[in-house]
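Number of protein chains: 2
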Amino acid sequence: MFQILGSQLLPISFVVFCLCQTIILAYIQINSEKKVQQLYKFLIETNDSYQRFVPKQFLELFSKKDITSLEIGDKFSRNMMILSADIRNFTAMSEDMSGIQVFKFLNGYFEKVAPVIQKHGGIIEKYLGDGIIAFFPYNCESALKCALEMQENMITLRQEFKEKGLPELKIGIGIHYGNVLVGTAGDASRMSEVAISKELDVLTHVESATKRYNKAIIVTKEAVGAAAWEAKTNNHKFEFYGKKIPEAIGHELYYIYNDVVGKDL
Amino acid sequence: MFQILGSQLLPISFVVFCLCQTIILAYIQINSEKKVQQLYKFLIETNDSYQRFVPKQFLELFSKKDITSLEIGDKFSRNMMILSADIRNFTAMSEDMSGIQVFKFLNGYFEKVAPVIQKHGGIIEKYLGDGIIAFFPYNCESALKCALEMQENMITLRQEFKEKGLPELKIGIGIHYGNVLVGTAGDASRMSEVAISKELDVLTHVESATKRYNKAIIVTKEAVGAAAWEAKTNNHKFEFYGKKIPEAIGHELYYIYNDVVGKDL
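Chains as they are written, first to last, in the numbering used here: chain F, 25 to 289; chain U, 25 to 289.
In case anyone wonders, no lab produced these hints; they're calculated from the structure.
The structure presented is a predicted model; accordingly, all values stated were derived computationally and were not measured.
For every residue, glycine included, the Cβ atom is placed at its ideal position computed from N, Cα and C.
Among the hints, a few may not be true.
A few chain F residues facing chain U, derived, Cβ under 10 angstroms [stated by the list, open to error]:
1) Leu43
2) Thr46
3) Ile68
4) Val78
5) Lys99
6) Ser101
7) Ala116
8) Asn131
With the rest of the complex left out, here is chain F (with noise of 0.2 angstroms):
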């Protein structure tokens, strides 16, 4: 009895053993799952904020998969539209807001003018204070697009920040096209994209002349030259107007505007 006993208690141990041994592995496993989960879903969420700082775009035009690639020195160089754009006496009038009005005043405006660059196929470099500079790598006449889609959306929004009580918004955009060498720069802990080229000081006199003009586009004969090539070789018409602006001196300068925006800013 004491022997039949003993040799059915050892397997049933087992079983009972082998039971809670998978019972108890189920569920570390279902544990370290939903940890894991948590963990994952953090960290995606700080790469997709991280992410915003740092646009894709800007890793396709260096050639590289994911931003662990890139490296303090990598480079390219590329003819292509450069446009700049700039709120009229931002600086001046902000003065007279509190930093809550500042930034709603100023993101207002950037996420009304953020996707139509991104529309036309722009990079957008760098913000800087109410400045945007902008990069269009892969095509010329959709940059002149771009300026003149950004400048129709100021129409309503001027409208809208009036009603709200904000300051009369104005902006001037300026457009060139050239050479420009980008890479990235700085140390080990702080690192940046870093555009170098002599064309940016001709963005940034074609932008400044914008007030100088009172012109709502401005853009210089080497970025007409390369959108009206472009559009030739695809065979269409500009859908907007250009004038040249015969006491620009240094560089030839045109005004561009269409039915919608008009000339002056």
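Fit chain U to the supplied structure of chain F, relying on the hints for placement.
Same frame as chain F, but now just chain U:
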């Protein structure tokens, strides 16, 4: 006999089933653990890579624990020392250099000055081509000491660059003190830290004055005042010299120097 065998077969097969289950579960867990470790490593690397673009100190200033809690429109304003450093004639110089040389030059320079800024409690706000904008949110005199140490480092680096056949390296540093409003701006897909302040225009003016007056470091009256007040509070004396620039118009400017750096650029 058959009955005994039957009653034995059931627990044996069950034991085998349980054993297999345990082994399989353990195997799955080991494997998923490996995958998780790989994924974790990749995400951590990605985060580290991104983090170089958005310094942690900025998150601290925004009083944010991690970047996921940083939202568009977050802001702070603060009286602080602001520093701008620029390489003399860099854009012109870069025209005669290859892309590789440009970034060798730039990164050789940044690697020498970025740690100095960090050491003195400064945060590099932006790299603008060859320019650096840095904020010193925690103390004032450190900004002046930082500028002197940056110029000290340039003495050896100038020699190193010369030996490598790179163009002559000279930098001008401007320092000002004032209120700066810093916030996050952009849209959902592209976000940036943005600084708004008329004091930044003053800073640009001061930095370009180093070229006009051929001085290594120029600081405004406000910057000297803030640093002097801090030194007085801490009951110690400046370890450098400062002299007023009598011909400066608009802003009261001073150049600072020590026995190593010298007055002139």
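Going down the list of hints, with the structure as the test:
no., hint, in the structure
1, Leu43, "6 angstroms, holds"
2, Thr46, "5 angstroms, holds"
3, Ile68, "7 angstroms, holds"
4, Val78, "5 angstroms, holds"
5, Lys99, "5 angstroms, holds"
6, Ser101, "6 angstroms, holds"
7, Ala116, "7 angstroms, holds"
8, Asn131, "6 angstroms, holds"
In terms of the numbered hints stated before, the structure departs from none.
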